[in-house]
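Residue numbers (the working numbering), protein chains in the order written: chain A, 1 to 246; chain B, 1 to 328; chain C, 1 to 245.
Simulated from the structure, these hints should not be mistaken for lab results. Check before you lean on any hint, since a few could be wrong.
Heads up, simulated DSSO-like pairs for lysine-lysine below, C-alpha to C-alpha not over 30 Å straight-line [claimed, not checked]:
hint, chain 1, residue 1, chain 2, residue 2
1, C, 145, B, 249
2, A, 39, B, 186
3, A, 39, B, 140
4, A, 39, B, 145
5, A, 39, B, 102
6, B, 249, C, 161
Only some residues are given here: those of chain A computed to face chain B with a beta carbon under 8 Å [claimed, not checked]:
hint, residue
7, 19
8, 29
9, 31
10, 35
11, 37
12, 39
13, 43
14, 110
15, 112
16, 114
17, 189
18, 190
19, 191
20, 203
21, 204
Even glycine gets a Cβ: it sits at the ideal position worked out from N, Cα and C.
Take a look at the letters that make up each chain.
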Amino acid sequence: MATAGGDVSQLLPQPLLASIEGAIEFIFSPQTSNVTGGKTVGGIDQVVELTLNQVELSVFAIGLSLLVALPIGLYLGHRGVGEWFALTIGSAGRAVPELALIALMATLIGVGVLNLTIALAVLGVPPILANTFVGVHQVDRASVDAGRGIGMTEFEILRKVEVPLAIPTIFAGVRGAAIAIVATATIAPIAGVLTLGDFILNPSIYGNDGVLAGAIVVALLALAFEFSLAGLQRLLTSPGLRLKAT
Amino acid sequence: MRTKKTRLRTAVAMLFALALTLGVAACGSSDDDTDTTAGGEGGGAIVANPDNGKVSLTIGSKNFPEQEILGEIYAQALAAAGYKVKSDLNLGSETVALRSVKSGQISGYPEYASTALTSFFGKEPEDVPADAQGAYEEAKAEFEKEGLTAFPPTPFASANAVGTLKTTAEKYDLENISDLEGVSEKLTLYGSPECRQRIDCLAGLEELYGLKFKSFKPVDIGLRYTVLEKGQADLSILFTTDPQLAAEKDKFVILEDDQEVFPAGNVIFVTKQSTVEEAGPDYEETIVQVQEGLTLPVMQELDARVELEKQTPKEAAAAYLKSAGYTG
Amino acid sequence: MTSPALLGAVGEVGKGFIQERNSDTLPCQADTSKVFCWDWARENIDRYGTPTVQHLELVVISVLLGFAVAFALALLSHRRRWLQPPLLATTGVLFTIPSVAFFFLLEPFTGRGRDTAIVALGIYTLQIIYRNTMVGLANVPESVKDAARGMGLTDRQILWKVELPLATPEIVTGLQIATVSTVAIATLAVFVGGGGLGVPMKTGIDFSTNLIIAGGIAFLMAIGFGLLLLGAQRLLTPWRRRAAT
């Protein structure tokens, strides 16, 4: 119904409302489609299925990124070495072109959840690594020295002094990683994992309403991840620090 | 002193990286506009008609190599006939392409008659006429209801196919798709994301052949052979015009579509009726004339040049037009 | 009514047009086990010219657009502190929404193509640039502003002659992060018809040499911009460098 192109009537309110209405309808109730031979598309079941696939893939990738980046970042940050390494990886990570990464992984290694998890983790490691380093490294030296003074082991200092103080910075990194991962997981259908990108990239099947519906749900999903992580951060920030709003 | 050195190093590094990318950019900015000068000097079959120079056409195509080759062939041929031609290839799937014609973004694009009938006009795959002329006439009639029209079909037709490694076919003794009965539950099928819901693809295999697969995984069309080679896919959705089927026939086979779930489609050029009137008779005549040489072996050859040897569709199209005598 | 444009019905390809191929004679680029084909790369590098230029256009225009808007918002909310939380929140939400989704949220209204991609990419940069600008301005010490006021400068003069210059490092850092990220994300513009280096990536998705080249160009472009802006930051803040020596 909505046509593409530089049509001025595009900008008037009517087409706008029609498309959004259609998209909302698509999310909740199954629609007919020309090409499916009678099977319905859309509807809350399909939307939930694809959303859960995307959540699963994203969580796996974030988890793998944490597994790799946290220990390295904590160690380097605590020791105060490898600053150039951590920061460069952090900056370079932002420069990785997402489509090339997914495609190269698919071509060289294979498609599917496992392979994509690794590909997405490449996007997630740099921000977590850099931020963990900075967060731990920037902890006030006096607090660290005080810890040593009362006889804490290095590991205890890390756990009881540095990490709690570094939580906001570390979480900033995790949230950055999550945004990149959830965003790229959207196009996972080109590499074997059925996520919400399926709605967005297949107007022949789902119609323009389906495309818009997919975009809306992805946006909401990304925001949901962001809020969850923000909530988690509040939980993990010790009460004494919460008073200092970040 | 130290700041001077680091500044110099930074400057060199950034200039290097940026120079590299700018060098590539400057190195070969090829135009999207096809050559508008007449290509008909010295014996070519298409001669420029100066009247056509007033007309601007934009030729589109869908988003896989065979489509881009066809788009280029038509674009270059029309340019040789004297039109002002631009190309806007790789638009997307058929819905996007049709939208682009209707909105005027492009003048026309090559569509498969079977796809038009099933996707746009809601025909069941088994009701798609098996003969090229029949399918063309039905599609054209439907298009005309919407102010569009279609030009006569190409000699070659293309269809979806279920393909697999030769070793797999031998292992399970597979010749037809029906042979998959009883076996398909153990096998994974990979296809384009669209394929999952299409009645002329997975949905058709499930409903009309009654097959259940172990799983279906969506992958980009470009990866349909990669997943077979990597051993991840037992079965993959291929196209009957794929060059790999000829060039690597010791590796890949397709199963016969004995129940005719995958309709074969000849290519028909879809455009607006108003464009036909504006552009004059050379529009349709050039396109019909230039596609006469596109038999199945020729199309497969062109597909091979682009998909296997990684030539650009533009090069392949130009070579075809020259070899068949349409351009000089 | 025969058309003068077509003579004769040629239409059969010449001998030798159709070639015999088999698995043993495939060139490097057709061989899926080869990771990188140097010869092919050398001969065909020029086909990446147009996508690279398109990509540069996408990045430069969208970052400039984003900067213009974010900077204007920062100036607007500099004195009106009540504006800052809602602006931060809004740009934050816009930042969290994946660009791919944004392309298709805009598509019904702005159509398919480069413009939609540019708007979505520009929107993505808003939060980074806005936030960095605000932080930069907030970090200007009160004492400096007081001194300026003492010297008789108006609020506007203080903003342009004192606060913004001192905030420059933060602002340029924001620009740097925004630009580097935009180069990477712009590879996805191909999905909405926006051109760029994503086009060769998608059309040659199974060809690893192609992916390495296109991805490599994108990566180097991002790094190049990053270093360029880092250098610009150093150039624009000569007082810091003097202090270092």
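Hinted contact residue 39 of chain A with chain B - closest CB pair below 8 Å: 6 Å, holds
Hint check, residue 204 of chain A versus chain B [nearest Cβ-Cβ separation less than 8 Å]: 4 Å, holds
Status of the residue 35 of chain A interface restraint (C-beta, 8 Å, chain B): 5 Å, holds
Supplied contact hint for residue 110 of chain A, tested at 8 Å Cβ to chain B: Cβ of residue 110 of chain A sits 5 Å from chain B, so the hint holds.
Interface hint for residue 43 of chain A, Cβ within 8 Å of any Cβ on chain B: Result: violated, 13 Å to nearest chain B Cβ.
Hint validity - residue 29 of chain A Cβ closer than 8 Å to any chain B Cβ: It is violated, given that the least Cβ distance between residue 29 of chain A and chain B is near 17 Å, above 8 Å.
Restraint check, 8 Å cut-off on beta carbons, for residue 37 of chain A near chain B: 3 Å, holds
Holds or violated: residue 39 of chain A to residue 186 of chain B, with C-alpha atoms at most 30 Å apart: This hinted pair holds, its Cα atoms lying about 24 Å apart.
Status of the hint placing residue 114 of chain A at chain B (closest C-beta pair under 8 Å): For residue 114 of chain A, the interface hint is violated, since the closest Cβ of chain B sits about 11 Å away, which is over 8 Å.
Hinted contact residue 31 of chain A with chain B - closest CB pair below 8 Å: At about 11 Å, which exceeds the 8 Å cut-off, the nearest Cβ of chain B leaves the hint on residue 31 of chain A violated.
Closest C-beta approach of residue 19 of chain A to chain B relative to 8 Å, hint status: 13 Å, violated
Hint status (Cβ of residue 203 of chain A to nearest Cβ of chain B, threshold 8 Å): Hint on residue 203 of chain A: holds, closest Cβ of chain B at ~4 Å, below 8 Å.
Taken one by one, the earlier hints fail for this structure at numbers 1, 6, 7, 8, 9, 13, 16, listed in ascending order.
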